[in-house]
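**Student:** Sequence:
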Amino acid sequence: MTSKSKKLLKVIDGLRAWNLAATILKSDHFHLGIIAKHGFPYQPSCMEFDPVQRILAVGTKNGCIKLFGRPGVEFHLEHPSTAAVLQLIFLVNEGGLISICRDDVVHLWNIRQKPPDIVHSLHFKRETLTCGYLAVSSSWLSVGSEQGNVHFVNVQHFSTSGYVINWNRAINV
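Here the sequence shown stands for residues 1 to 173, numbered as in the working numbering.
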């Protein structure tokens, strides 16, 4: 017998063994689930780009964040709630990402650790959040509300300051 025919017999034996194993396996041996999410996210609501790390973050209306790095490198993040992501803000070259959600919660993500996870969260109970701004190399995040007030969050400790700019005091009403 030649070596080619021996290899062919091994392949045929492997196929026979596979057919035997298929008769033994049952449907309860398997669990169906999503193993990967690939491509541009469904219903994008906002995006942000970190020019130093060259990472693009896209927030969605169902509370997910998709991170895009080099070609072929993607990461999918999910908030604890399914509230829409209103705004994303990178802590440039620090490995941090701030997300402001429609349920009035501000989250700080650590994207340096694997897998990326929420480090801190702040819930604004009396305000409906609309936007945020973080100046370059600043440690204070300005968070605007639908009522017109501006709150300040210390990014290093991720706590609110006592200082608030109220809309009625800003225009002397």
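No lab work stands behind these hints: they were computed from the structure.
Heads up, the beta-carbon is just placed ideally off N, CA and C, and yes, glycines get one too.
Be aware that a few hints might be false.
As the list claims (entries may be wrong) - Computed spacing ranges between beta-carbons, pair by pair:
no.: 1; residue 1: Phe30; residue 2: Tyr163; range: 50 to 60 angstroms
no.: 2; residue 1: Gln43; residue 2: Gly72; range: 19 to 29 angstroms
no.: 3; residue 1: Ile165; residue 2: Ser121; range: 49 to 59 angstroms
no.: 4; residue 1: Pro80; residue 2: Gln156; range: 58 to 68 angstroms
no.: 5; residue 1: Lys26; residue 2: His123; range: 40 to 50 angstroms
no.: 6; residue 1: Phe152; residue 2: Lys26; range: 56 to 66 angstroms
**Student:** State for each hint whether it applies.
**Tutor:** Outcome of the hint check:
| no. | hint | in the structure |
| --- | --- | --- |
| 1 | Phe30 / Tyr163: 50 to 60 angstroms | 56 angstroms, holds |
| 2 | Gln43 / Gly72: 19 to 29 angstroms | 23 angstroms, holds |
| 3 | Ile165 / Ser121: 49 to 59 angstroms | 23 angstroms, violated |
| 4 | Pro80 / Gln156: 58 to 68 angstroms | 23 angstroms, violated |
| 5 | Lys26 / His123: 40 to 50 angstroms | 46 angstroms, holds |
| 6 | Phe152 / Lys26: 56 to 66 angstroms | 59 angstroms, holds |
When held up to the earlier numbered hints, the structure conflicts with 3, 4 and fits the remainder.
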